[in-house]
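If you read the protein sequences in the order shown, they are chains A and B.
Here the first sequence stands for residues 1 to 289, where the numbers follow our numbering.
Here the second sequence stands for residues 290 to 462, where the numbers follow our numbering.
Treat the hints with caution; some may be incorrect.
What the hints assert, rightly or not - Some chain A residues flagged as far from chain B (calculated, every beta-carbon gap over 12 Å): (1) R60; (2) A98; (3) L106; (4) P203; (5) R275.
What the hints assert, rightly or not - Stretch-level coverage of chain B by chain A, calculated; a stretch enters the list once three of its residues show a Cβ under 8 Å from a Cβ in chain A: (6) 337 to 343; (7) 366 to 372; (8) 395 to 403.
Note that these hints are calculated values from the structure, not bench results.
From the three backbone atoms N, C-alpha and C, an ideal C-beta is built for every residue, glycine too.
Residue-level listing of the chains:
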Amino acid sequence: MAESFRKRTGWIFLVVMVGQVLLVSAQVQSRAGVPVIEAVSFGAFSRVQRATSSVVGGVRDVWTNYASLRGARDENQALKQQLAELEIRLQEQRALAARATRLQALLELKESTPLPTVAAEVIGGNPNATPGVREITIDRGTADGVQTSMAVISPGGVVGRVIGRPAAHAARVQLLIDRHAAAGAITERTRAGGIVVGAGGQPPLKMDLVSNLLDVKAGDLVVTSGVDGIYPKGYAIGWVETAERGRGLYLDIRVRPAVDFGSLEEVLVVLVPPRPALTDDEKAAGRSR
Amino acid sequence: MKVIAVLAALVVALLFQTTLAGMSLEAGTRVNFVLVAVVYVALALGPLAGLLAGAAGGLVQDAVAGSIVGIGGISKTLAGFLVGVLGAQFIVSQPVPRFVMFVGATMVHELCFQSLYALVEGQPVRFIWGTLLVQAAVNGGIGLLAFQLVEGAPRWRQRRYARRSATLSRRRF
């Protein structure tokens with residue numbers, strides 16, 4: 001009984017004191033000219049507002065994130081698909097650009113070449129996996145004037161020659177790096193003559209029949225000499241990589257091809273029928289001219 | 290009945306205070322009749338009555354004085370409550386403890402009152418100790434006098450009644 005009375009007295013005391021504090025505050029101006037009760041209540045309420053705003057903001061953020069996540073999966077799928085399509089288109093564009101560049105180079109070669117040529121596209125390789133055999137198939141044939149042993153060139157240099165009997169719209173081309181291929185060649189710097197043949201290895205060409213007495217060194221450009229009656233004169237074959245004294249009378253010369261045979265796509269077929277190879281007398285006469 | 294008596298005491302105390310202050314400003318600072326009434330009520334009736342009397346008396350005193358309403362109320366509420374609690378804990382039926390209570394209540398009241406005013410006005414707390422001590426002593430004296438008057442009134446009435454009864458008896462016989 002006494003305890004409850006004491007508690008009640010305490011509560012009444014507290015209420016009376018608080019009430020009077022509020023009463024005093026209502027009459028007193030703060031330094032800013034605002035009643036203290038207003039300033040205190042505003043300050044307290046602003047904190048409540050801040051807390052409320054923080055809670056509401058947090059809930060809103062969570063809800064927004066949840067709502068965003070709901071659409072994120074579909075959007076992600078769509079974006080992935082769009083990205084894949086764009087990648088494909090990009091690759092197509094790159095391929096087109098590269099093709100345009102190649103065709104541009106091919107066109108320039110065609111215009112710069114005084115010989116009649118026809119552009120052809122590489123449509124396949126050699127179906128037989130025979131070691132040392134390097135052949136390709138082009139989409140030009142007899143219908144386009146292509147005949148056996150016609151030279152095939154590219155902007156990089158000599159590619160090879162047509163072999164076998166061409167079809168109406170296709171022909172096989174023996175690449176210069178084939179182990180059975182050969183072409184008359186000279187070094188551009190010293191005009192040292194010889195024969196470039198496929199060597200099978202690295203580098204895949206070698207230049208035979210060049211005298212030990214001639215001046216050939218690494219870096220020399222090797223071009224066609226035209227004596228073989230197939231390849232027109234003056235087209236690049238490759239660069240001398242090594243030139244060493246051989247066992248016999250000839251130098252051992254290794255040539256790196258000017259053409260990247262691994263990425264051939266378009267070539268030019270020189271529409272000039274092969275002629276018989278020059279004899280030594282003809283060669284001598286040609287030199288004297 | 291007690292409530293009416295308390296309210297009457299507060300009203301009388303306020304009248305005394307205003308009358309005295311009207312006669313002399315200096316004299317008005319030497320005593321606080323309302324505080325005396327509050328402490329008296331707290332000692333006589335306990336902390337609840339003390340704090341309610343303090344609140345009522347203080348608020349009315351503030352309102353009449355034209356100052357900030359509530360500061361005196363808070364001070365007197367605190368004083369009345371403390372005196373009531375202490376009076377319930379200790380024996381304060383003798384003059385000296387009662388005097389100490391009045392003095393202490395005056396000190397607490399003045400300390401609280403001046404501190405609240407300083408807080409509200411943004412000024413440092415200042416006590417005029419001489420005046421405060423005088424007021425505490427005067428309050429104590431008036432409080433003791435009030436106790437003597439109130440506690441002596443029944444005896445005085447009994448004595449008067451007895452005297453009157455004796456006179457009547459003598460006349461009858």
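**Item:** Given as non-interface: R60(A), which should sit over 12 Å from chain B by C-beta
**Value:** holds, 42 Å
**Prompt:** In terms of beta carbon proximity below 8 Å, does the segment 395 to 403 of chain B have 3 or more residues touching chain A?
**Reply:** Contact hint for the segment 395 to 403 of chain B vs chain A: violated, 0 residues under 8 Å.
**Prompt:** Residue count check for the segment 337 to 343 of chain B against chain A: does it reach three with CB-CB under 8 Å?
**Reply:** holds (count 3)
**Request:** Confirm or reject the statement that L106(A) sits farther than 12 Å, beta carbon to beta carbon, from all of chain B.
**Result:** holds, 95 Å
**Minimum Cβ-Cβ distance from A98(A) to chain B exceeds 12 Å** = holds, 84 Å
**Item:** Outside-interface status for P203(A) - nearest CB in chain B farther than 12 Å
**Value:** holds, 98 Å
**Prompt:** Within the segment 366 to 372 of chain B, is the number of residues with a Cβ closer than 8 Å to a Cβ of chain A three or more?
**Reply:** holds (count 3)
**Item:** Interface exclusion of R275(A) relative to chain B, criterion Cβ beyond 12 Å
**Value:** holds, 119 Å
In terms of the numbered hints stated before, the structure departs from hint 8 and from no other.
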